[in-house]
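Engineer: Put chain B on the given structure of chain A with help from the hints.
2 protein chains.
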Amino acid sequence: MNNKSSLLIRDIGEQGLLKKLQPFCIPGMVGDDAAVLETDPHRSLVITTDVLVDGVHFSDRTTTPADVGWRAVAANLSDLAAMGASPLGITVGLSIPGNLTVSWVESLYQGMSACLQQYQTGIVGGDICRSEGISIAITAFGQVFPTQIIKRSSAQPGDAIVATGCHGASRAGLELLLHPEIGQQLSDREKSYLIQTHQRPKPRLDVLPIIWEIFNSDSAIRIAGMDSSDGLADAIAQICHASSVGAKIDRNLIPIPPTLPKLTSAEQALNWALYGGEDFELVLCLPLEKAQPLVERLGNYAAIIGTITKDLEILLVDPTQVDHQQVLLLSKGFQHF
Amino acid sequence: MNNKSSLLIRDIGEQGLLKKLQPFCIPGMVGDDAAVLETDPHRSLVITTDVLVDGVHFSDRTTTPADVGWRAVAANLSDLAAMGASPLGITVGLSIPGNLTVSWVESLYQGMSACLQQYQTGIVGGDICRSEGISIAITAFGQVFPTQIIKRSSAQPGDAIVATGCHGASRAGLELLLHPEIGQQLSDREKSYLIQTHQRPKPRLDVLPIIWEIFNSDSAIRIAGMDSSDGLADAIAQICHASSVGAKIDRNLIPIPPTLPKLTSAEQALNWALYGGEDFELVLCLPLEKAQPLVERLGNYAAIIGTITKDLEILLVDPTQVDHQQVLLLSKGFQHF
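Chains as they are written, first to last, in UniProt numbering: chain A, 1 to 337; chain B, 1 to 337.
If we strip away everything but chain A, and leave its shape as in the complex, we get (with noise of 0.2 Å):
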């Protein structure tokens, strides 16, 4: 054997990979949330896929079944919210070991099932295979019109960044999951909203039509973003390197749950906020007198936590303090192999 074909895919890592894929795909489809196919002249058909793996994506000591289906379709119809996308459906390829019980697989389905219904969607088909492991392949599509289509590479400079809500919530609620010893200074309520955000994580899809009314007067809707499922940081990171800018992040404004102080350092919840992940919020790009009235819409948490800039650096700042600002990190977040 020589080096090329003994070369392992934990050796060149995730991203290593995909761009070894990429040439086999149709130029310019693959590097957004999801896939935008044209069907007819007036709408676009959107389509994402994710794989969830046991041991990997999730495990039996903090995800029941039904909530690892509901976290399964969350990420993709939050992928769907990405791209500017309403849900039409998903299909679910499920590969499973002959000794799972039946239970578990309809509890995932009820999990599937109960979030599907929260945005007036369902599952329109799938296929079901044995093997080894837990493994669960979910592809949603949407549509989008194609002037409301956001994308990772229209970010211009002086846009205002949005974040949609709160960040390090998920992340702290699966450390009490994990750890219920560092929740003794939280509310019964305080932690189950938590755990609730990293069990049952919302899609944004309620952020569109607040979108689509404020860009109401325009021909077109000039609007970056992406999801922060791989974390705040990720997709700040993502969306400056799709559109060629850099971007300058206020620390002080990065919305995180008030209780988080309760349960580690303000260092650490700063931390789970920028690399946690999975909190499932929009980070989106605009004009900032269209995200002035996004935010107030918007409510809750969301805010504006920072500026696109011309300078390709990505700052995180603390205006309160002289010469503190340090390049944002971006090999924290989550890395498959």
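These aren't lab readings, by the way, just hints derived from the structure by calculation. Among these hints, one or two may not hold up.
What the hints assert, rightly or not - Away from chain B, derived, C-beta distances all over 10 Å, residues of chain A:
hint, residue
1, Leu177
2, Leu186
3, Ile214
4, Ala220
5, Asn252
6, Thr264
7, Asn271
8, Val295
9, Thr307
10, Lys310
11, Val317
12, Gln326
Unchecked claim - If the Cβ cut is set under 7 Å, some of the chain A residues that face chain B in the computed set are:
hint, residue
13, Val56
14, Thr91
15, Gly93
16, Ser95
17, Gly98
18, Cys129
19, Thr139
Unchecked claim - These stretches of chain B come out as covered by chain A in the derived footprint (C-beta under 8 Å, 3 or more residues):
hint, segment
20, 44–53
21, 88–99
22, 116–128
All values reported here derive from a predicted model rather than from experimental measurement. Built from N, CA and C at the ideal position, the CB exists for glycine as well.
Structural biologist: Chain B in isolation, oriented as in the chain A frame:
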């Protein structure tokens, strides 16, 4: 644990599990080869998903990774063809172990790509994830004019049953790969044809334009059908079940590769044709006056193999022998778990 929650997948089998999961799916969407979604008044979107697992659907002994890729795509495009739909693209959800070689995955994508190019379509997205074994979930999308959808449920008594090509060739190819010694009486060309049919099956998308031409003057196409990926007998049975009809098949009219008698007994050859599966031909039910020109235009081994009957039984008859008819056995098809 009570009895219900300890019930295993293998206890109820694939069909039992599917039945249990159907209530979670949008009514009327599941049950055909693919889901049809209305995106606009003129075109319907068609979606199909297949999961392939290492050790279940393929093995290194008989299939190279490139062939695995080709076959995975071919199976999905065949499902589109079976609905009367033209392909728009596919997504790929890949679960693979970290110690797999990169070249294995590249070969897989090369095979997928080669098949997709043959039908002027491509990969539009996907996801890759670490797991213990290899699992490939493909979702394919196509479009069809609503008046040209091919369903399983529209067969009517009196319809001619058409097989668009040979059956049993794929199974013969597999046997040749597993037991090369049985091919002593075959020329290299004959062997390579059978093996190629197994490794690189051709989805019959080419049949669709011929159907459209034959039905040209009609306002809508009345044609029932599905593909024979799970065997010819299974396809006939599924159509009969969905249409609440029966069928009478003439065993002498089933197109079997002429080389098969050199490999095995006549009875075994018929078994391979009926139950072997993976021939990826179409089984179509339509009025005789349309079936005749269809079979003529298709040529090769396309044939009218029987008739749809009012009586619900599916009979395999031999008109050359008195009293020779048997009820088609359907339990020989491939079953997971």
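Engineer: Each of the hints needs a verdict: does it hold here or not?
Structural biologist: To see whether the hints hold, each was checked on the structure:
1. Leu177: Holds, because the least Cβ-Cβ distance between Leu177/A and chain B comes to about 22 Å, which exceeds 10 Å.
2. Leu186: holds, 32 Å
3. Ile214: Check passes; 26 Å lies beyond 10 Å.
4. Ala220: Label holds. Min Cβ-Cβ 20 Å, cutoff 10 Å.
5. Asn252: Asn252/A clear of chain B: closest Cβ-Cβ about 35 Å, beyond 10 Å.
6. Thr264: holds, 28 Å
7. Asn271: It holds; Asn271/A is separated from chain B by about 24 Å at its closest Cβ, greater than 10 Å.
8. Val295: The assertion about Val295/A holds, with a minimum of 31 Å to chain B.
9. Thr307: Non-interface label on Thr307/A holds, nearest chain B Cβ at 31 Å vs cutoff 10 Å.
10. Lys310: Holds: least Cβ distance 31 Å, greater than 10 Å.
11. Val317: holds, 34 Å
12. Gln326: holds, 31 Å
13. Val56: holds, 6 Å
14. Thr91: Interface hint status for Thr91/A: holds (4 Å vs cutoff 7 Å).
15. Gly93: Nearest chain B Cβ about 3 Å off; hint holds.
16. Ser95: holds, 4 Å
17. Gly98: holds, 4 Å
18. Cys129: holds, 4 Å
19. Thr139: Status holds, d = 4 Å.
20. 44–53: It holds: at least three residues are needed, and the segment 44–53 of chain B offers 8 whose Cβ sits within less than 8 Å of chain A.
21. 88–99: Three-residue rule met by the segment 88–99 of chain B, so holds; n is 11.
22. 116–128: With 7 residues close enough to chain A, the hint holds.
When each numbered hint is compared with the structure, no violation occurs for any of them.
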